[in-house]
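> Spelled out, the chains give:
2 protein chains.
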Amino acid sequence: MTTMSILQQYRLKYRPHLPPILNHLTDLKPVYEPYSSIAPNTLKPLFPETWGQQAISFAKGDAAPHNPLKVGVVLSGGQAPGGHNVITGLYDALQRLNPNSRLIGFCDGPGGIVQNKAIDITGDLLKGYRNQGGFDIIGSGRTKIETPDQFTAALKAVSERDLDALVIIGGDDSNTNAAFLAEYFKKNRSKTRVIGVPKTIDGDLRNEFIEISFGFDTACKTYSEMIGNIARDALSAKKYYYFIKLMGRSASHIALECALQTHPNMVLIGEEIDQEKKTLQDVTRDIVELIVNRAAKGKNYGVILIPEGIIEFIPEFKQLIAELNVLMSPDQPHQQKIDSMDDAAARAGYIEKLLSKEAVHCFNGLPLEIKSQLLLDRDPHGNVQVSKVESERLFMETVKKELEALAKAGKYKGKFSAQPCFYGYEGRSALPSNFDSNYCYALGHTAALLADAGANGYVCYVRNLSKPVEEWTVGGVPLTGMLYPEERQGKSKPVIKKALVDLTGRPYFQLKAAAPSWADNDDYCYPGPIQFAGPPDLADTSPIILKDLKD
Amino acid sequence: MTTMSILQQYRLKYRPHLPPILNHLTDLKPVYEPYSSIAPNTLKPLFPETWGQQAISFAKGDAAPHNPLKVGVVLSGGQAPGGHNVITGLYDALQRLNPNSRLIGFCDGPGGIVQNKAIDITGDLLKGYRNQGGFDIIGSGRTKIETPDQFTAALKAVSERDLDALVIIGGDDSNTNAAFLAEYFKKNRSKTRVIGVPKTIDGDLRNEFIEISFGFDTACKTYSEMIGNIARDALSAKKYYYFIKLMGRSASHIALECALQTHPNMVLIGEEIDQEKKTLQDVTRDIVELIVNRAAKGKNYGVILIPEGIIEFIPEFKQLIAELNVLMSPDQPHQQKIDSMDDAAARAGYIEKLLSKEAVHCFNGLPLEIKSQLLLDRDPHGNVQVSKVESERLFMETVKKELEALAKAGKYKGKFSAQPCFYGYEGRSALPSNFDSNYCYALGHTAALLADAGANGYVCYVRNLSKPVEEWTVGGVPLTGMLYPEERQGKSKPVIKKALVDLTGRPYFQLKAAAPSWADNDDYCYPGPIQFAGPPDLADTSPIILKDLKD
Chain C
8 MTTMSILQQY
18 RLKYRPHLPP
28 ILNHLTDLKP
38 VYEPYSSIAP
48 NTLKPLFPET
58 WGQQAISFAK
68 GDAAPHNPLK
78 VGVVLSGGQA
88 PGGHNVITGL
98 YDALQRLNPN
108 SRLIGFCDGP
118 GGIVQNKAID
128 ITGDLLKGYR
138 NQGGFDIIGS
148 GRTKIETPDQ
158 FTAALKAVSE
168 RDLDALVIIG
178 GDDSNTNAAF
188 LAEYFKKNRS
198 KTRVIGVPKT
208 IDGDLRNEFI
218 EISFGFDTAC
228 KTYSEMIGNI
238 ARDALSAKKY
248 YYFIKLMGRS
258 ASHIALECAL
268 QTHPNMVLIG
278 EEIDQEKKTL
288 QDVTRDIVEL
298 IVNRAAKGKN
308 YGVILIPEGI
318 IEFIPEFKQL
328 IAELNVLMSP
338 DQPHQQKIDS
348 MDDAAARAGY
358 IEKLLSKEAV
368 HCFNGLPLEI
378 KSQLLLDRDP
388 HGNVQVSKVE
398 SERLFMETVK
408 KELEALAKAG
418 KYKGKFSAQP
428 CFYGYEGRSA
438 LPSNFDSNYC
448 YALGHTAALL
458 ADAGANGYVC
468 YVRNLSKPVE
478 EWTVGGVPLT
488 GMLYPEERQG
498 KSKPVIKKAL
508 VDLTGRPYFQ
518 LKAAAPSWAD
528 NDDYCYPGPI
538 QFAGPPDLAD
548 TSPIILKDLK
558 D
Chain E
8 MTTMSILQQY
18 RLKYRPHLPP
28 ILNHLTDLKP
38 VYEPYSSIAP
48 NTLKPLFPET
58 WGQQAISFAK
68 GDAAPHNPLK
78 VGVVLSGGQA
88 PGGHNVITGL
98 YDALQRLNPN
108 SRLIGFCDGP
118 GGIVQNKAID
128 ITGDLLKGYR
138 NQGGFDIIGS
148 GRTKIETPDQ
158 FTAALKAVSE
168 RDLDALVIIG
178 GDDSNTNAAF
188 LAEYFKKNRS
198 KTRVIGVPKT
208 IDGDLRNEFI
218 EISFGFDTAC
228 KTYSEMIGNI
238 ARDALSAKKY
248 YYFIKLMGRS
258 ASHIALECAL
268 QTHPNMVLIG
278 EEIDQEKKTL
288 QDVTRDIVEL
298 IVNRAAKGKN
308 YGVILIPEGI
318 IEFIPEFKQL
328 IAELNVLMSP
338 DQPHQQKIDS
348 MDDAAARAGY
358 IEKLLSKEAV
368 HCFNGLPLEI
378 KSQLLLDRDP
388 HGNVQVSKVE
398 SERLFMETVK
408 KELEALAKAG
418 KYKGKFSAQP
428 CFYGYEGRSA
438 LPSNFDSNYC
448 YALGHTAALL
458 ADAGANGYVC
468 YVRNLSKPVE
478 EWTVGGVPLT
488 GMLYPEERQG
498 KSKPVIKKAL
508 VDLTGRPYFQ
518 LKAAAPSWAD
528 NDDYCYPGPI
538 QFAGPPDLAD
548 TSPIILKDLK
558 D
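From first to last, the protein sequence lines stand for chains C and E.
Counting in my numbering, the first sequence runs without a single skipped number right up to 558 at its last residue.
Counting in my numbering, the second sequence runs without a single skipped number right up to 558 at its last residue.
By construction, these hints were calculated from the structure, which means they are not laboratory data.
Since the list gives no way to pick one copy over another, a pair counts as held whenever it fits inside one copy or between any two copies.
In silico SDA-like cross-links for lysine to any residue, where the CA-CA straight-line distance does not exceed 20 Å: (1) K36 x A66; (2) K395 x P427; (3) K407 x E376; (4) K378 x R400; (5) K245 x D527.
I would like the entire structure built from these sequences, with the hints used as guidance.
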């Protein structure tokens, strides 16, 4: 048994604020509306049952009885603060609609559906999880329901459990999966409707219909607390450059939001590097330029933010990875040869001879340690594990080398001492902010309403999130409407596209306008730890990047 | 200019709570009391002017006029949350005692005294720093005032500035230095009195007179927030072992406090490892045992806390370091030879032949990367930089190796995947907790009172810290009374001893009593982010390890 901290106990008592419409829960009627699907019609044949549905919102109607529902819920993929509140919101709303409704939770992710492993979610159980972090009430997992056998098993599970609806809390992949399950269940005459809930701290599940996924707010605030603390320490000691890597998969939303919250001296934005086709050396030189300029002002300290997925945006790096994946595949003799070598330099020398000229250029710019990571840390399919490349250390090394060369040439007289940081796991299971607590509780309610309305193949939305809760609106949009064909392993597959940072959007412009001053001066902002009590401008704020939506 | 976050702005308005006695500031009179010095009389000849002074507390007397004072203040060493509040407390108290008093701040640490570089500290300047983190108002530094020239320069600076008192905010070394400066100034007929303030997040400046140094509370709460978040993530994903290194120099106070706050599966306590004379292999096996036992219960995740100074407590490691320091000293040819080698394995092989049997045993147990750190990352004196050894990665590697061997022997069937974390710089400049804000503000007031009372060579104290502020008491004890002769580089030097974790103390017993359950079960506690508003049991708590003092 875990012991509850004082703050956890106080948070248990927090009552999430609901958008006004949800106060009339039992009197609401669904309103069907046309909306602008972004999915091309070429995908239609894949979804004969669920294509072309209308969007759903809710309006106050007459009080009417609601049938008891049996609903299953599952947490899919990486943790995000607020997951427990989606479940409590779902439970509370189902109970309000009809006290005989039941909620069950599939254990440890979609694998729990396939294996039909579930527990009853009761009010008693939920007592310990209200407004709490983590996904531990039922666990999460990364199993994908992909094979025909898995689909059959999932159908069997929801049928045996006699579920009216299945709520899938997940990211882009899980919601794509939800679209296919919805189609499959309907095709097989199952009564189980599938409803998705947009989750991911990465912020890349974001489109015309979803303003932001839940968890992003708390994760960014947690990282920004740390970044602010580090920046103040840098300014106080005037000794170190901090190279701070931030979680967030491929897109740079987290880095952008954290930068807007903390005003570091520099932030790398993957999407910008991609657009400008920068090489590793270009990026290194950008950082070096900053450091040299600051040194000329007597400043040998600073803070640089690096998104986790940065190297995947560097074209020459992408090519290097692609070549390595081919060279080191199990049908080639090279991995075995390399594994037999004791010496990192020899291993690097061996592979170097096999790479294209462009890839060699990139490879040779890497420190030996990173070369080793690329040659040794491989996933079960033999692919390079890009997320394991410690890019914060990579840039520390390349920058150091470049600065040493400049120092020799008399062009740099500063002192360079650097510290690597990585913030990621710290933010995924944190106590959800008031924003995420409220948002998730509303998402849970919305999922219940959609289930009650018989909606199948929908994702919940809560909108107007940059405004106070009193102005939030809720509803659902068809999952098929946000699909897009994407090339994956040579095949075209419909997926929900990962949203990248919009280089024409207001948050990015805001960043670029401030960047020159942030680089030269110490404009650091210190957000401090998330506060749960206090005036709304302190305790109830939403992410800064949301401000470009409605203001 | 930095931009103030909303929370920073709210914190500016916070009014620290003062111990009741300090509300009568202008009416207080010093009370001199005997106390039990822990310094041996052999040190007396070093301090003819300041030896044998009495302790000072304050009692309510008659209102009397106070002379204006001119006081200098300096921040020395690593940042600790609350430093700015010592300065605001000092300033406010000096102003209350006599509005014509003045405060100046020496810039960037004790080096600022030697160079006589200072700024005026005014009410206007302080407006932006009340209850804020960092040391950036005047900066800090690690220069030690040691040489005769430095002593002369310091005397010249305080004399030219016509200072009545010099307040040194620092750790054990800086307060030892303060004792010597006090003696030196008095011997040279300077009117400048020297007063120390106990600062360090490490918690090792702690003795019969000082319950805890400031900053420890905020730093531990900040680290515990992160550790709790990580633990909840571990429990949710059930995938990783987190090896978390915590700052705190040699002593394990921070690790102990954070463990009591978060209940990790395991915490290494350096003092215990030292007492039990454990080898690197012993410690590795302790961790492996935990992992194997948990795997047997189907648990392949967990949280292990590792104090920064851990390896200095492992006797064989200490010997290895000592031998390396001799071998690699500038008068030996080995460093040069090693630097000329391209290959890490060759470098390790070279030095191996020169080590004693015991040191080789330890050296060979290390991963190649750590070996390289020991051979390459050296300070300007050629010494191994122990604090740079990434012990969290060291143990990840040694544990992995041992588990692989057990798996081969069929004795371990778990899955081991580990993540390294390091929390340090994040906690040093954080927004001070209410505890540290109040404590530091009271320390600043106490320093002003001691300066006003003409005390020289004293350290400020605030006691009863585990109780509400209303029960806190304040005063000063002579710095010479807490000195102790210590061997440093073959010479006996009087120093303030670093306090280690007391293996007979209540906090350690508390830890040991809980440890078996923490190891097997998931008793994690999630403290969450520091809250500044709310009921006292949430917002005004003091460190857990303080509880053994008075309860």
